[in-house]
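Peer 1: Given the sequences, and given the hints that come with them, work out the whole structure.
Each chain is listed here by its residues.
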Amino acid sequence: MSGRSSPSGGSLAPYLQVAPLAFLMITMVGIPLLTVVLLSFWEFDGIAVYPAFTWANYKEVLSSPVTLSLFLSTLKYALMTLIATTVVGFTCSYFLVFHVRDLRVQIALFLLCTIPFWTSNVIRMVSWIPFLGREGLFNSLLMQAGIIDQPLDILLYSDFAVVLTYIHLFTLFMIVPIFNSMAKINPNLIEAARDAGASGWQILWGVIVPLSKTGIALGSIFVVTLVMGDFFVVRVMSGGQSASVVSAMKNNIDQLYYPVASAMAVLLIIVVLLMVTAILRVVDIRSELAR
Amino acid sequence: MTEQSRIDIRSVTKLYGAVRAVNDVDLTIDGGAYCCMIGPSGCGKTTLLRMIAGHETPTSGTISIGGEDMTTVRTGSRGTALMFQNYALFPHLSLTDNVAFSLRVNGVAASERRDKAREMLDRVQLLHLADRVPSELSGGQQQRVALARALITNPKVLLLDEPLSALDEFLRLRMRVELKRLQNQLGITFIHVTHTQPEAIALADQVVVMDHGVVEQAASPRTIYNRPHSPYVARFMGGQNVLTGTVQSAGAEGTVVESKDGNLYDLPPIEGAKPGDTANFSVRRDRIQISDTKGDGRNCTEGTVVNIEYQGTFVKLALETGTREEFIVYLDDDAYYAAPKAVGDKVHASWAPKVNHILVGANNSTGTPYED
Numbered sequence: 001m002s003g004r005s006s007p008s009g010g011s012l013a014p015y016l017q018v019a020p021l022a023f024l025m026i027t028m029v030g031i032p033l034l035t036v037v038l039l040s041f042w043e044f045d046g047i048a049v050y051p052a053f054t055w056a057n058y059k060e061v062l063s064s065p066v067t068l069s070l071f072l073s074t075l076k077y078a079l080m081t082l083i084a085t086t087v088v089g090f091t092c093s094y095f096l097v098f099h100v101r102d103l104r105v106q107i108a109l110f111l112l113c114t115i116p117f118w119t120s121n122v123i124r125m126v127s128w129i130p131f132l133g134r135e136g137l138f139n140s141l142l143m144q145a146g147i148i149d150q151p152l153d154i155l156l157y158s159d160f161a162v163v164l165t166y167i168h169l170f171t172l173f174m175i176v177p178i179f180n181s182m183a184k185i186n187p188n189l190i191e192a193a194r195d196a197g198a199s200g201w202q203i204l205w206g207v208i209v210p211l212s213k214t215g216i217a218l219g220s221i222f223v224v225t226l227v228m229g230d231f232f233v234v235r236v237m238s239g240g241q242s243a244s245v246v247s248a249m250k251n252n253i254d255q256l257y258y259p260v261a262s263a264m265a266v267l268l269i270i271v272v273l274l275m276v277t278a279i280l281r282v283v284d285i286r287s288e289l290a291r
Numbered sequence: 001m002t003e004q005s006r007i008d009i010r011s012v013t014k015l016y017g018a019v020r021a022v023n024d025v026d027l028t029i030d031g032g033a034y035c036c037m038i039g040p041s042g043c044g045k046t047t048l049l050r051m052i053a054g055h056e057t058p059t060s061g062t063i064s065i066g067g068e069d070m071t072t073v074r075t076g077s078r079g080t081a082l083m084f085q086n087y088a089l090f091p092h093l094s095l096t097d098n099v100a101f102s103l104r105v106n107g108v109a110a111s112e113r114r115d116k117a118r119e120m121l122d123r124v125q126l127l128h129l130a131d132r133v134p135s136e137l138s139g140g141q142q143q144r145v146a147l148a149r150a151l152i153t154n155p156k157v158l159l160l161d162e163p164l165s166a167l168d169e170f171l172r173l174r175m176r177v178e179l180k181r182l183q184n185q186l187g188i189t190f191i192h193v194t195h196t197q198p199e200a201i202a203l204a205d206q207v208v209v210m211d212h213g214v215v216e217q218a219a220s221p222r223t224i225y226n227r228p229h230s231p232y233v234a235r236f237m238g239g240q241n242v243l244t245g246t247v248q249s250a251g252a253e254g255t256v257v258e259s260k261d262g263n264l265y266d267l268p269p270i271e272g273a274k275p276g277d278t279a280n281f282s283v284r285r286d287r288i289q290i291s292d293t294k295g296d297g298r299n300c301t302e303g304t305v306v307n308i309e310y311q312g313t314f315v316k317l318a319l320e321t322g323t324r325e326e327f328i329v330y331l332d333d334d335a336y337y338a339a340p341k342a343v344g345d346k347v348h349a350s351w352a353p354k355v356n357h358i359l360v361g362a363n364n365s366t367g368t369p370y371e372d
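Each protein sequence line maps, in turn, to chains A and B. Number 74 in full-length UniProt numbering belongs to position 74 of the first sequence; there are no gaps in the numbering. Number 359 in full-length UniProt numbering belongs to position 359 of the second sequence; there are no gaps in the numbering.
Don't read these hints as lab results, they were simulated from the structure. Heads up, none of these hints are tricks.
The list that follows gives simulated cross-link-like pairs (lysine to any residue, SDA-like), each with its CA atoms no further than 25 Å apart:
#  : chain 1 : residue 1 : chain 2 : residue 2
1  : A       : K213      : B       : A110
2  : A       : K213      : B       : A130
3  : B       : K116      : A       : I203
4  : B       : K354      : B       : P269
5  : A       : K184      : B       : S165
6  : A       : K213      : B       : L93
7  : A       : K213      : B       : V133
8  : B       : K180      : B       : Q85
9  : A       : K213      : B       : H92
10 : A       : K184      : A       : Q202
11 : B       : K274      : B       : G361
12 : A       : K184      : B       : F84
13 : B       : K260      : B       : E326
14 : A       : K184      : B       : S138
15 : A       : K213      : B       : S135
16 : A       : K76       : A       : L164
17 : B       : K156      : A       : S199
18 : B       : K116      : A       : I190
19 : B       : K354      : B       : S291
Some but not every residue of chain B turned toward chain A, in silico, with C-beta under 7 Å:
#  : residue
20 : T75
21 : L82
22 : H92
23 : S102
24 : N106
Chain B is faced by these chain A residues, among others (derived, beta-carbon under 8 Å):
#  : residue
25 : N186
26 : L189
27 : R194
28 : D195
29 : A198
30 : V207
31 : L211
Glycine included, every Cβ here is placed at the ideal spot set by N, Cα and C.
Peer 2: If you want it as structure tokens, here you go:
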């Protein structure tokens with residue numbers, strides 16, 4: 001790419017092209033992030049914050065046993081959601097790419113996957129409540145069918161409800177990149193594998209999964225960052241019984257403990273960055289995308 | 001080896017909805033032969049190849065390999081290996097792993113399959129690139145890897161789907177020689193699908209010309225070229241002019257045919273021909289003389305020169321004779337340049353009666369005559 005000369009010729013043109021995005025990123029992401037990092041070292045007394053340089057906020061966060069359990073429970077949600085969305089995303093993309101051969105049907109079904117996104121996140125999430133509640137649709141159905149005689153309590157306001165909602169909200173972020181990388185697989189490769197005597201499973205693990213790795217990695221990054229940054233779903237769907245890192249941050253902010261919240265935010269950023277790095281370690285997205 | 005790799009195709013039909021991609025084909029390919037299937041795109045040659053490989057199942061009919069019915073046997077266990085047009089190398093695997101793929105899925109131990117793969121890569125002179133991935137290779141090298149991958153299973157039959165079409169002219173000619181040499185060494189059956197006439201003529205022991213799902217003619221390249229079965233084969237393979245006329249008289253001593261412009265042609269006897277019938281026949285382009293004066297009106301035609309191409313060893317003259325196809329004459333270059341012609345000149349072409357070859361087949365489609 002480096003050898004390509006810009007069509008407009010001027011050396012300024014490429015910089016102008018990235019300027020709008022750069023401006024947005026600097027003002028909307030860069031500066032706030034810097035403020036958060038700065039704030040995490042300031043002092044506070046419950047009424048106001050004072051410019052200073054202190055490790056006290058980090059000490060408070062790191063020494064509290066609550067922090068560890070918060071991170072662990074958020075990681076647990078992230079991992080469960082990741083596994084479920086990967087399985088759903090992979091099988092769904094597999095169906096779209098390898099069973100639906102007609103491109104128009106493929107596009108139609110793909111658009112069907114996006115229908116939930118036509119309403120707001122909050123509505124989609126809240127709509128689970130009448131379905132999963134004690135007197136909800138699902139419990140009544142099971143009771144009427146005689147499968148259970150007591151309503152199931154774990155359906156709503158539980159970890160199950162939280163993870164289910166995450167899966168519902170975020171699976172599309174997994175389907176899109178996996179579909180994209182799977183659609184790029186040359187169908188002849190599968191025939192070549194079959195010609196070599198490979199069974200269905202061997203084709204799946206030897207050809208399709210390795211060639212979908214980029215999509216799985218990109219989708220994983222989306223899902224992990226989305227789950228790690230959520231507090232609303234946890235709060236509503238667990239009925240206030242569980243908390244995530246961000247919901248703890250929200251509590252700190254409500255009490256005007258801005259520096260502590262900032263320190264927690266910095267820690268969360270570090271953890272998420274480590275996770276993304278780990279994913280990129282496993283899959284070399286750059287070289288895969290260039291392929 | 002030869003008996004084991006003979007292929008018998010018996011009344012094979014393949015339907016795609018209402019379309020007959022392959023229509024009641026009967027064909028025997030001798031074991032150890034180099035067979036080229038040729039025809040315009042959509043003629044069913046690739047479908048037939050894919051049915052032999054087991055990637056498609058015939059709607060009806062049987063395919064036997066080495067006398068064993070393989071019609072519905074699983075791909076990968078029928079002793080065939082298919083080499084794909086775009087090579088279909090696994091982009092995520094090194095050359096060694098690509099070549100060893102079939103050994104891996106058949107459970108051969110890692111060290112053994114690695115050794116075998118390297119041996120096979122050495123055979124196609126690519127051992128020094130064994131750890132590269134396919135995208136780092138040139139087209140010709142990728143093709144050799146695909147060949148190595150296909151051959152590592154020790155197939156009885158190697159199927160090649162337009163193997164040379166993605167290469168440039170120079171590499172194409174070189175790989176053509178390599179394919180032929182390889183086939184001689186291995187002694188297995190090669191079935192090579194192509195749409196290029198010189199490729200088929202140069203490589204094959206048996207040429208199968210197809211059109212609209214039907215085998216038009218299956219014979220040695222010399223027979224196909226010199227004694228085409230139908231006007232379609234004559235036009236598609238090139239080298240022949242196709243003429244049409246009405247039978248004047250028919251008998252045991254020969255048939256006389258009159259063309260639209262009144263010239264008479266002496267053809268060998270045609271079985272069952274009656275005066276008034278239409279007869280198609282062909283004349284080899286390089287067996288024709290030209291002159292400025294009109295001859296006796298037998299075995300000749302006249303026309304206006306519309307194009308002259310110097311071809312190195314001969315000169316190609318295109319005449320407009322009032323029929324819908326150009327009449328092509330290949331002339332010896334020395335003889336031509338002794339009395340050169342210009343575009344627009346009127347010339348008379350004539351040939352010996354024995355050059356006339358009757359086209360028995362009815363397929364009169366234009367095909368896409370491949371011009372050399």
